[in-house]
Amino acid sequence: MTPYNPSPDIIEVQRGPNPGGLGGAYRTFGATLRGLKTTLGRVVEGPVTLEYPEQKTPVYPRFRGKHKLHRFEDTGLEKCVGCSLCAAACPAECIRVVAAENTPDHQVSAGERYAAVYEINMLRCIFCGYCELACPFDAITMGNDYELSDYTRSDLIFTKEMLLADHPERTPLRREGE
Amino acid sequence: MSVLAVVDYSEAVWIQILKAIVIFAVILQIVPIVLLIERKLLGRFQSRLGPNRVGKWGLLQPLADVLKLLSKEQFATETAVPWMFAIAPVISIFTAVATLAIIPFGDVGTWGGTIGLYGIDVSIGILYAFAFGALAFYGLMLGGWASGSKYSFLGAMRSAAQLISYEIALGLSLLGVAIQAGSLSLVEIVHAQDNYWFITTQFVGFLIFTVAGFAETNRAPFDLPEADAELVGGYNTEFGGMRFGSFFMAEYINMIVISGIATAMFLGGWRGPGPEALGPLWVLIKIFLFLVFFIWVRATLPRLRYDQLMSFGWKVLLPLATVNVIVTAIVVAT
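Protein chains in written order, with the numbering used here: chain A, 7 to 184; chain B, 23 to 356.
Think of the hints as simulated: they come from the structure by calculation, not from any bench.
Among these hints, one or two may not hold up.
Claimed, not checked - Which chain B residues stay away from chain A? Per the calculated CB distances, all over 10 Å, these:
1) Val35
2) Lys78
3) Thr99
4) Tyr160
5) Ile190
6) Gly267
7) Leu303
To be verified - Partner residues are not named here, just some residues of chain A that face chain B (Cβ under 7 Å, in silico):
8) Gly41
9) Leu42
10) Thr45
11) Val49
12) Pro53
13) Val54
Every value quoted in this text rests on a predicted model; they were computed, and no experiment measured them.
The beta-carbon is built from N, C-alpha and C at its ideal position, and this holds for glycine as well.
Sequences are here, hints too, so could you generate the full structure?
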């Protein structure tokens, strides 16, 4: 019989004293009092609740929320030229683009073609931001809004008009260092 | 005819009826307040706000709860025993309310006249409370049995075992006070605390009473009969609407009763600074402090395991209470 000699990489577990007995009762009482102190501390600290519909969690500037389509500020023409690169980049395949030719009397975008149909299915979108990266004209960007609930599924397929519309920003931005 | 209990002091019948109505009204007002305080305080204990949508600061929340319960359908399971199912909540609430009668809010003549500010002052005092406490257990037991559901049955079995084992410790913890005061009447016991409150000399008894009181009222950490997490609500699982509401209310009235008994037995009853007429106010304040302690403990301690509960009751509380009684008896006798 060799004496028990654990190698240095074996850590011996330090076990607490056995429950029961006078010591156990004393420890239980102490632990109960500590617990009461802990919960009372939460009352002193005050609640951390944000009352949601009135107060919103501020998001970081690069937070990826609802998509926006953009126009040129000077001419008012759409930036999107219907190249479908965003649809190709989309891993969730939630973007559908149908392009059409611009004509001189019907000039919608700055390029040769424009997006006749531009739909994003918000139920499929995973908000990865690849569409924003793929776009060569910065026509689509991700906004900060995250309140995207609705009553029916079809209402959550956002059309070009909805994405182009100039919605007021409803989500507070996180300030520097917050 | 043998005399079962001596009523020390009694008034005209109409005064007694009036007193019964007033006490009933006051306590029933306390129940929603306790309900709200519990939910608000639990929220604060968990860094939350608690209900604040119904009315200003959520003050109307209990009212909304009751309205919801009242408008719900009264249903019963197919396996239920209908008359037992109907009578169980009634027993629960009846025993809870009946115990209220002995809680003293003030002495005879505190508010002028010869009216004692309590429901009834009987010489058997706390024995009366235990009698109804033991009956209250039929409410839970029948409720669980009559539901014809596994969860309810488990909850009822647990409550049977729990109430029986903790009632003994509860009784023994109060025996020390009874020995010191030389009376079982709660009014007499408050009178006996003229010089000092019994919480000083009977501190061990007070601790045992508090712990056993948690078990008697099925409150956390001894809420095994209900055990919402494992038994879905225990004995009241199959009850809906105001039948469930009755169980719920009975639990809160029981809390008030236990607090009231603790106030009278250990905390000096209506004694406090200020004129004698403020006595009932002091009783209410002490009851509320005790109730807040109930809620505080609920927010802190997790539910005990069943075997821990039983071994704690029989192996710790009961011997401790017995030793407490024996020591008190020896000290008082010598």
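Hint check results:
Chain A leaves valine 35 of chain B outside its interface by the beta-carbon criterion, the shortest separation being 47 Å against a cut-off of 10 Å. With a cut of 10 Å on Cβ distances, lysine 78 of chain B stays outside the contact zone with chain A, its closest approach being about 14 Å. The beta carbon of threonine 99 of chain B is kept farther than 10 Å from every beta carbon of chain A, the shortest such distance being approximately 35 Å. The beta carbon of tyrosine 160 of chain B sits about 32 Å from the closest Cβ of chain A, which is more than 10 Å, so the claim that it is off the interface holds.
At the 10 Å boundary, the C-beta of isoleucine 190 of chain B stays outside the reach of chain A, the nearest C-beta of that chain being 19 Å off. For glycine 267 of chain B, the non-interface assignment is confirmed: its Cβ lies about 28 Å from the closest Cβ of chain A, beyond the 10 Å cut-off. For leucine 303 of chain B, the condition that its CB be more than 10 Å from all CB atoms of chain A holds, with the nearest at approximately 25 Å. Satisfaction of the interface hint for glycine 41 of chain A is found here, the shortest Cβ-Cβ separation to chain B being roughly 5 Å, below the 7 Å cut-off.
Hint status for leucine 42 of chain A: holds, given a least beta-carbon distance of 5 Å to chain B, under 7 Å. At a threshold of 7 Å, the smallest CB-CB gap from threonine 45 of chain A to chain B is about 5 Å, leaving the interface hint in force. Given the 7 Å rule on beta carbons, the hint for valine 49 of chain A holds: about 5 Å separates it from the nearest Cβ of chain B. Proximity of proline 53 of chain A to chain B holds as hinted, the smallest CB-CB distance being about 5 Å (cut-off 7 Å).
With 7 Å as the threshold, the beta carbon of valine 54 of chain A comes within range of chain B, its nearest partner Cβ sitting at about 5 Å, so the hint holds.
Figure legend: structure checked against the earlier numbered hints; every hint is met.
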